[in-house]
Amino acid sequence: MKKLLLYSAVCFMASVFLPSVGAEVKFLPLINADLMGGQSFYQGKTSSFGGHCTLDLVPALRLKDGVYLLPRYSGAYIGSSLTIEIEDEDYLYQQVMDHAFSLKFMGKNARGGVFKLSGGYMLEYLRETKNEKWSHGLYDYGSPYVEVELGKEFADKSLRLFSLGYRYYTMRFPNYESLASKLQLDLSGEDLMDTDNHKVFMSADIIIKREVFIRLGYDLLLSGYQDQKVALETGEYSNEMREDKTSVIKCNLGCDLPAKHLGSLSGGQTMNAYVDLELGLKIKRSGQNYFDADAVAFIAGYYDYNRFDVKPVLTYKFTPLGLAVSLGGRFSAKFYPNRPLQDKEGFFEEKKLRSKTYEANLAVTYDIGRGVSVSASGGYASVKSNTSYEKLYTYNYDSAYYIAGLSYEY
Amino acid sequence: MINREDEMMKKLMITVVVGLLVFTAQSFASRDELKDELKELRREAREGIKAERSQANGARELRAEDSEGGRTVIDVRGNRVRVEKYLSRPADNQIRVVVLNTRPGLADRVDQVNWTGTFNQDLPLDLRGIGRGMWGSRGGPRPEYYITNVLRVATSGDNSLTVTRDGGWLYTFAKLGEREWCLVIFNNELLTINGIGKIERERINYDIDLNLPGMVKIYYPHRDDSVLTHALTRIGVTGQIIWLGTEDALALPTKHEWEREPNEHHLRDKLVFADGTWISRDRYLIDDEGHVLERDADDPGHWLPFWRGNREIIHGASEFDGETIDIVITPGPAEEVGY
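As given, the protein sequences belong to chains Z and F, one line each in that order.
First residue of the first sequence: 436, per the working numbering; consecutive thereafter.
First residue of the second sequence: -4, per the working numbering; consecutive thereafter.
Just so you know, these hints were derived from the structure itself, not from any lab.
In this text the structure is predicted, and so the values were computed from the model without any measurement.
Below 20 Å or equal to it, Euclidean Cα-Cα: the simulated SDA-like pairs (lysine to any residue) are:
1) F:K34 / Z:L492
2) Z:K587 / F:E32
3) Z:K568 / F:G73
4) F:K34 / Z:L596
5) F:K34 / Z:A759
6) F:K34 / Z:V549
7) Z:K786 / Z:A735
8) Z:K769 / F:S49
9) F:K45 / Z:N467
10) Z:K543 / F:E39
11) Z:K717 / Z:V635
12) Z:K543 / F:E32
13) Z:K746 / Z:D691
14) F:K45 / Z:L490
15) F:K34 / Z:Y845
16) Z:K461 / F:R37
17) Z:K592 / Z:G547
18) Z:K499 / F:R37
Kindly produce the complete structure, drawing on both the sequences and the hints.
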């Protein structure tokens, strides 16, 4: 009887009050899904045709004016070795599955103050060989994070938004541990890849003359390795754990091309064009050294590097046809200030290692209607380095890819 | 009999569901009216995805570091192999190199080789350049630091192969001014399988001061009792080796198979002893995907330097009961160090 009374009270309140609250609370679901397929080409080898699917679900809630709750699920599956954003000379895996869950609270007040608080968890599963099962991949990882961001919006000024934030995340590779630790040899550490990370970031959005948008950003990332000891000159390891510091300075320039510079189209079609230029400078300094047990050579600061990126993209949109064409590129120059070159036999030289990446890509999207679009894209990348020694890692290579399929947006 | 409580519960549940539907119906806004708001929310969602991608790139960089260090390769049988190498200094005149292999796809099987080299004198703190002369010189100056003793132990599970080499000294076989061609030769060598002696070499009648290499007595397991027995004697170090005749025919191996693939970097040798036991060794030069490197068909004698690929050495023996010790060593620039 008591249970019945409790149920009655709850249901009465729900049925009376929720509809009135619902008048202010709005449910704004967002859905993005891609179903694609493609192939990649690496050094003359062709991958098998594979699938590429992504799903983003955001059942956003507007709690009141300017206050939102954004739960999100993102998932992706890549079924072939597809070349996607080669950023750190890493060229990929046979099968990749990503999942990310997050919840973000976002609020703005009347004076333009912005507050965001979010937390989430990312998972990645990788299968590199035929006998590797899902969740048994060597490089599978889980990464929980929490982030807070404060910002200020300025109406009618060039500086439109300034924000400052902090993100804390860990990365844990549950299937990876050093072989030495498996044999109870206390040498370099056990969970060599696990890190705790603190990231401070800031950005400023500037609008010039309505058509030109600039975003300036700075990130500082401090990574502490839980169990990776620093290598010493003698080839042994200290009790000190590795710590890395990475700074990134970014500048995004976006500009609508004026109509007078675009050609005219017939049949009631209009064309808009947008140019985006991304510039970035990344500086990484690592506390880890490298001891080459074969050459018996010690190199301090082996993992340090400086990298400069330029990424222009030109996009044309044709309305009401619903066609968009994007032509993009990327140039990246990477320099290792402490890593000496090696000749083809592997002996170290005086000069330091450098590499350059040249990329070009083309994407075409056609809007079928009701949120569905067909898209196709392809790209080519060439990486060149001044080293002749590639026995451990390929520093010079060419690769290409194509991918096509359907996208849905709601 | 109908349970009145259940009936009431059902009606109340229906009320709740209707209430929620009313709430939901009012909550769904017209998407056309909220275009700008949706645009901002999409941008916010994209920022979140971008931040996650940046986090994921950190993981990619860690994997790239692992690959750059030659720590993950594929072996000749298609298994992924994790390779780790460590160097330590057990004594002032010693270096120990440990190479560990594990194959995650084979229940994390671990194969390892533990190589300890003792030198003719205490080693400097900076070991750079030591590797080039530790086994001798090919027309350069006489090495200041060279190997005098080696202990190499390769294991996989309960199986082991041990090679001991003692009494190393520099034998000079040619000299031209300051340039010297010399080689480290050992006075005693022993190979054991699971602790059982299989091959022994003993140098006699040598003189280090007079640079005389002497003769080498070779021991193999005897047919009847498997005890290492003097089977052969040879003279000569490099160039022409001369066999001085058989000492005990019942200790001579019954078969020596030696094969070299014509187009690939694959050497196989197998020695069958008089007592019926045997040892074998397959040596490969492979790339990171486990493909055996090709040899120049027009120059069949040419063998690429070991540092041009990953070395894979597969040791077999009758005592291993069908198992092997399978070691992949990612290359380095030093002269052959024998591990």
